[in-house]
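Trainee: Note that the protein sequences, when read in sequence, are chains A and B. Per UniProt numbering: the first sequence ends with 670, consecutive numbering throughout. Per UniProt numbering: the second sequence ends with 653, consecutive numbering throughout.
Keep in mind that the hints were calculated from the coordinates and are not lab data. Treat each hint with caution, since some may be false.
The list that follows gives simulated cross-link-like pairs (lysine-lysine, DSBU-like), each with its CA atoms no further than 35 Å apart [what the hints assert, rightly or not]:
#1 A:K109 / A:K333
#2 A:K109 / B:K461
#3 A:K48 / B:K571
#4 A:K43 / B:K571
#5 B:K461 / B:K365
#6 A:K91 / B:K93
#7 A:K472 / B:K113
#8 A:K23 / A:K48
#9 B:K8 / A:K48
#10 B:K7 / A:K43
#11 A:K49 / B:K247
#12 B:K499 / A:K113
#13 B:K8 / B:K571
#14 B:K569 / A:K47
#15 A:K482 / B:K461
#16 B:K455 / B:K442
#17 A:K43 / B:K365
#18 A:K491 / B:K388
#19 B:K569 / A:K91
#20 A:K482 / B:K365
#21 A:K482 / B:K93
#22 B:K247 / B:K232
Here are some chain B residues the structure puts well away from chain A; computed CB gaps all over 12 Å [unchecked claim]:
#23 A74
#24 Q228
#25 K368
#26 Y509
Not everything, but these chain B residues come out facing chain A in the computed CB check (under 7 Å) [what the hints assert, rightly or not]:
#27 S86
#28 F262
#29 G265
#30 D269
#31 G302
#32 T346
#33 G449
#34 Q452
#35 S468
#36 A470
#37 R483
#38 D488
#39 V526
#40 L528
As the structure is a computational prediction, the values presented were derived from the model and not from experiment. Heads up, the beta-carbon is just placed ideally off N, CA and C, and yes, glycines get one too.
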Amino acid sequence: MNLKKYLVRALHRLQKGPGYTYKELLVWYCDNTNTHGPKRIIKEGPKKKLIWFFLTLLFASLVFWQWGILINTYLSYNVTSSLSIGFKTMKFPAVTVCNANPFKYSEVKHLLKELDRLIEAALERILQPTPGNVSENVSPPLDLQLWNQIPLVLIDEHNKDNPVILDIFETNQTAGNETTANNETAGDDQNSVSNENPMQNETTAGNQTTAPPAPTNTTTEEKKYKLAVKLCSHQGSNNCTYRNFTSAAQAVTEWYILQSTSILSKVPLHERIRMGYQAEDMILACLYGAEPCNYKNFTQIYHPDHGNCYIFNWGMDEEALNSSNPGAEFGLKLILDISQQDYIPYLSSAAGARLMLHQQKSFPFLKDQGIYAMAGTETSIGVLVDELERMGYPYSDCTMNGSDVPVKNLYSQYNTSYSIQACLRSCFQNHMVEICGCGHYMFPLPEGVNYCNNEENPGWAYCYSSLRSSIKQRQICIDSCKETCNDTQYKMTISMADWPSEASEDWIFHILSYERDMSTNVTLDRNGIIKLNIYFQEYNYRTISESAATTIVWLLSSLGGQFGFWMGGSVLCLIEFGEIIIDSLWITIINVISWCKGLKQKRARARYPDAPPTVSELVEAHTNLGFQHEAVGALPRDEALPPEPGTPPPNYDSLRVQPLDVLSPDSDKE
Amino acid sequence: AATAPGKKITARLKRTLPVRGPQAPTLSELMRWYCLNTNTHGCRRIVVSRGRLRRLLWILLTLSAVGLILWQCAELLMNYYSASVSVTVQFQKLPFPAVTICNINPYKYSAMKEYLSELDKETKKALETFYGFSEGKSKVRRSVDEWNSTGSDFFQQIPLLKVEDFSRIATDLRSGQKRKIEGSVFHKDSSIVNSGDSNDIIGFQLCDANNSSECALYTFSSGVNAIQEWYKLHYMNIMAQIPLETKEKLSYSADDLLLTCFFDGLSCDKRHFTRFHHPLHGNCYTFNSGENGTILSTSTGGSEYGLQVVLYIDEADYNPFLVTSTGAKIIVHDQNEYPFIEDIGTEIETAAATSIGMHFTRSRKLSKPYSDCTETGADIPVENLYNKSYSLQICLHSCFQKAMVDSCGCAQYAQPLPVGAEYCNYKKNPNWMYCYYRLHEKFVKEQLGCQQICKDACSFKEWALTTSIAQWPSTVSEDWMLRVLSWDKGQKLNKKLNKTDLANLMVFYKDLNERFISENPANTLVILLSNFGGQLGLWMSCSVVCVIEIVEVFFIDSLSIVMRRQWQKAKKWWNDRKRARPGKPPQAGDVERQGHDNPVCIDEDLPTFNTALRLPLPQDSPLPRTPPPNYSTLRLETAFTEQLPDTLELGRH
C-alpha cells in the first residue's frame, strides 16, 4: 500500500505539467517559451494573433528549410584552399640522371649482333631498288629463326582493294584477299590489320619478284609501300595481327625494341648493370653549392628504359640535403659524359642525358616526367616546388600512402613511396602476367614470374601488343588507381647555352679526360658532354593546401545563427519544445485513462435512474479541481459546482485528490 | 450593467474593425510597454533597473550593442560578394588537346617566285646600295643587273631612306636625291635608345596619299629590322591580292610537312590532321582538331603514349627576307580555341628531338558580380570574327580589325575578314599603310578602347608545357635513320634528306592529373542570414521577430499615437470653439477616458493577463471598477475565454 502510494505520488509529480488540457499547455508554452514568435500570439488581439500565428509558422518553416540547406552543405564536405608562395629552406629535390641509351654498344654487341645484321640486311632489301644488289653470299647466313618469330613485312598497296603482303626475306608474297576488308580501316587509330589468311597461302601466289620495286617518283600518288610488324599468337598460328606503320623508321624502331627486349630479358640483372654506363664514366664533375661531390654521392638504380641511372640526394640512407639559398651558385652543378659513339644505333635515335627531379624516396618515372639535356650544351634548370596538400576521405578521393589501393605495388621492392605511375605500371604488369603468363621487361616482376622472351613465350609480343592497345585494360587501371593526396611537382624553367665555348673547349676537354682516365689523350668531344645546373628559383615553393570548409563548429554556429535570426531560438528552446511534447503525451494518457474510467462508470451508472453527467463534465470538473489548490481562494464558480450526490468518485480522480491534499505545500513550489 | 447593451455594441464594433489602436495611450507608456515586453534583451533592463546610474549604464550598453550589430552586419554585407578558390585534382582519362604545327616559312619560296621576284630584286638592290652587300650567286646577280631597266612600283610607293638624323635630310635609295623630311619621325624599335651614329639610321616614309604633307618617317636602329619590316609591308600587300585557294597550293601540303606520325602507340597519318590556313604562317596542320566529331584522349601518360611526329622542314625553300630562323612552330590549344600561333607559339629546332611534357589545368572564374569576366563573349560589343569560342585575344584582334575597316576602309591581312570587307592592297587603297601604322600605334597606346571593351573569358584551359631538347638523330643512328626516312619520303621525292631538314617532336601528358581551379562564392544567402542571426543573437538576443516588433512599435504604434494626439487636439480645439458658442457643456474627460480605456480592458476584446497586470489602470477612473482580479482566476479565464464567452460579464458583476 505504501509502495502504491509512493508510485502514485511519483506519477503525479511527473505528470504535473503546466496544464491539464492541451489548450492550457499550449497557452502556457507560448507565454513562457524563449522562442520569440509564440509569445506574441497570445499577447495580441485576435487579428494580430492571426498575423503572428502565420508569421511564426512562416519563420519556423524558414528555419527548417535553411537548416536543411546547411546540413546538405556540410555533408558535401567542401574544402577551401589556401595558397602560399615564397622562399624557404627546402629539401633539394632528388635528381636522377640517366643516359638516353641504356647500354654501351660495345658491351652488348655480342648479344645484339645477330639482330643488327638482320635489320641491316632487311633495310638493305627495303631500300635497294633492285634485288640483285644484295650481297648475301659475302656475309654469313642470317639467323632467320630470330626473324621469323616476329617478322617485318611490306604491304604493297598499289592495288588499294587487294593489298599484297610481302615478306622481306622470303621470296613469296601473300595475296591478302581476306585482309581486304580489314585493310580499309588501316590508318585509323586501330591500325592493326587482322589477317585471317593463313601462312600456307604464301606459297600459292608467288609469281612476282621478291624485293619491292623502285619507288615511284610521282608525288601526287598515295604511298605504295608500308612496313608492318607481323605478330602472331604463336608461331605458325593463323591468329596474326599486322601492326602497320605509316613510317618505316617507326616500324623498324618498334620491331627492334620488341626483339631486343626479348634478348635482354634473358640476361641476369648484374650482367645488365655491368653493361650499362658506370657512374665514374658518366659523372665527370659534381658540385653542390660550395661543396664538392663526386659519383659516390649518387645512388645507382637500374632502370629498364635507360639502364643505369644515378640518383643524387635520394634520401634513402642519409638525410636529404637542404638548400637555403636561391640561385645557380647554390645549386647542383654536374658535368656528364654520354659518349654518343657507344650508342646502340637502332634502339634510341635521340641522344642526350635524361634527367628528372622528383621527391626523395620516390621512383623516377623518366618516360613520364623526365626531360632531355642536349649534348654540347649547358642546361640550366630553375626549380619551383609546386606542392598540393589535400585532405583525404571524405573530402577528396585520394590516398595517403597507397595502402588502400587494390593494386599490388611492384615498385615497393625499391623501397619507394606510392605514386600513381607506380600503380598504373604495376596494374599493367599484373594484367600482363595474368594474361600472357610472363612479365614485361620494362616493369618490375612479381614474385615467381619471369620476363617474356621469344623462346619461352613465343606469342608474347602479340599478347603484349593487344594488351597495350586495349582500352578496357587501361580503364580498369585508371579506375583502380588513386592519386596521392600530397602531390609534389617540380616546375622547371629550362634554358640552354652552348658549352663549352670554342675558346675554352680545349682545356676543358683535356682536364676532364685526364681526370677520368689519367691519360693525356682527349677522350671527350662535344657530342658527349653535358653541363647541368639545377637550382632553386627566387620563389621556390608554391603550396596549395586544403582545409575543410565546413566543420561541425561551422555547422552548429550556422544552425544557431539561422534559428536565432528568424526566431531568436536556441537549443534550450528545442528542449522546451520537447518538454511540451512530453507533457502533451501525459495529457493524452490521462485523457485516455479517464475516458476508460468514464466508460466503466457509465456502465455502472446505467443502473441509476438519474441522467448522469457526461464524461467530459466529470473530467472537467475534476481537472479543474486540480487547479483549486493553487488558487487558494478558489473561484466562486467552482465552489458553486454542486457535488454529485451519490456518485462514487472515479477511481483515478480520487487518487489524485488525495495526494494533492497531502502534498499541497510542495506542489506549490512546482 | 445597465449601459451594457450600448457598450457591448461598441466593443463588438471595435473588435471587428480592421485597425485598432496601439496598446498604450501615450508614447512613454508605449515605450515602457515595449521595453517590458520585447524579446530583445537589454531594453527590459533599462526599464527594470533602479537608480539613474545603472539605467544610464544599461542604455549605453544597449546602444553600443545596437551599434556593434549594425557594424558587423555591414561588414558581412560588404564581404558578401567574395569568392573562395578551390583546387581539385582529378586523375582520369584526359582529352588530348589540339596540336597545331606550322612551318615557320609560310610558302615555298620556289613556288612564290612569280609573285615575289620583283620585290626580292629590289630588296637585294637596296642591300647592295646601303651596305655594299651582294650575293655571290649567279641567279641573284642576273636579277640585280636587270634592275635598272625594270620600273619599280615598290620604291615609288614606299621608298627606303637613309636618314641623316640631325639635319633631317634623307637620301632616297633610288634616285640618290636628298630631300627634306617633313612630319614626325617615329623610331620603330628604338624609341628609348637612339643610336648616335646617324649614318646607321635607315627607315621608310609613309605618307597620307590624299594629303602629301602628312607624312611619318619610321626609322630603325638596325638595318636588319628596317629591311624586314619594309619587306613585310610589301609582302603582305602582294599576298592580299592572291586568292585563298592559290595560297593554300603555294604552301606546304600535309605530305610535305609530316614524315611520320605516331599517337598513343599507334601509327597515324595525314588524315588525322586538319588543314588550317594561317595568313602569316601559311598552311598549318592541326592534330586532333575534333573536326570529325571525335576528340582523341589519352589514358596513359608518358612520352610513348603522346603524339610523336617527324617534320620535314625544307630549309632550302625558305624565303630569305621574310623569315630568318629555321624550324617549326607549334601550339597546344583546345579544340574550340583559335590557335594564335604568331603570338604564343613554341618554336621547334631542327636536327633535334623536342619533347614537350604537358600538364593540364582548367580554371574557372565567377562572373558578375564577383569579377568582371565574360562567359561566352555574347555581352561584348565586338563581333567575333573568328569561328571559334571567345577569348581575350580574339576580342582584341577583332576589335582592331573592325577599327581598321572603319577608318582605313579595308581589312588587315593577318586577321580574318569582317563581312563585306576586303584585304588592303595598294591598288585599291593606296593609303592603307599609313592608316594602318597610325591605327596600330593608337591600339598599342590603348587609345582605341579595345582593351577597355574586351574582357577576359571566365573559364579557360591551359596546358603548361615543359620543353626539353635532345640531339636527334644521334650520331650512330643518323645513317640508317636518314636512309629510312628518305625511303619514306622518297616514294615521292628522290633525294636524301639532310638532318637539318628534320625535326622530331613529342607532345605528351606528363601525368593524367587534371588540375581544376575554380572560384566559388564564399558566401551564400543561407550563410549570410545565419551570420546575421549569429550577430543579432550574440549582442542582443534579437531575431527577425524583434525587428518586426520594432517596426510595429516604433513606426506603426508610435505614429498612430501621435496621430491620435493630434486628432484629439484638433477635436478639442473644435469643441472649444463650439463651446465658445452656445452649446451644451461636454462631459469632461469623456474623450480622455476613451483613449485610456481603449487598450486596456474594456474595448480590447480580451484583456490578457499581462496587459492587465502591467499597464497601470487610470487611477482617476470615474466609474467604480471591479478590483483587479486575482492572478489565478484571470489566468484560468484566459484559458477558457473562448469556451465561456460570458466570463467577462461575469467578472464585472
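Trainee: Each hint: holds or not?
Mentor: Quick rundown of the hints versus the structure:
| no. | hint | in the structure |
| --- | --- | --- |
| 1 | A:K109 / A:K333 | holds (33 Å) |
| 2 | A:K109 / B:K461 | violated (48 Å) |
| 3 | A:K48 / B:K571 | holds (29 Å) |
| 4 | A:K43 / B:K571 | holds (32 Å) |
| 5 | B:K461 / B:K365 | holds (12 Å) |
| 6 | A:K91 / B:K93 | holds (32 Å) |
| 7 | A:K472 / B:K113 | violated (54 Å) |
| 8 | A:K23 / A:K48 | holds (19 Å) |
| 9 | B:K8 / A:K48 | holds (21 Å) |
| 10 | B:K7 / A:K43 | holds (23 Å) |
| 11 | A:K49 / B:K247 | violated (85 Å) |
| 12 | B:K499 / A:K113 | holds (27 Å) |
| 13 | B:K8 / B:K571 | holds (25 Å) |
| 14 | B:K569 / A:K47 | holds (29 Å) |
| 15 | A:K482 / B:K461 | holds (23 Å) |
| 16 | B:K455 / B:K442 | holds (19 Å) |
| 17 | A:K43 / B:K365 | violated (52 Å) |
| 18 | A:K491 / B:K388 | holds (31 Å) |
| 19 | B:K569 / A:K91 | violated (88 Å) |
| 20 | A:K482 / B:K365 | holds (27 Å) |
| 21 | A:K482 / B:K93 | holds (13 Å) |
| 22 | B:K247 / B:K232 | holds (17 Å) |
| 23 | A74 | holds (16 Å) |
| 24 | Q228 | holds (25 Å) |
| 25 | K368 | holds (22 Å) |
| 26 | Y509 | violated (8 Å) |
| 27 | S86 | holds (5 Å) |
| 28 | F262 | holds (6 Å) |
| 29 | G265 | holds (6 Å) |
| 30 | D269 | holds (4 Å) |
| 31 | G302 | holds (4 Å) |
| 32 | T346 | violated (12 Å) |
| 33 | G449 | violated (34 Å) |
| 34 | Q452 | violated (29 Å) |
| 35 | S468 | holds (4 Å) |
| 36 | A470 | holds (3 Å) |
| 37 | R483 | holds (6 Å) |
| 38 | D488 | holds (5 Å) |
| 39 | V526 | holds (5 Å) |
| 40 | L528 | violated (9 Å) |
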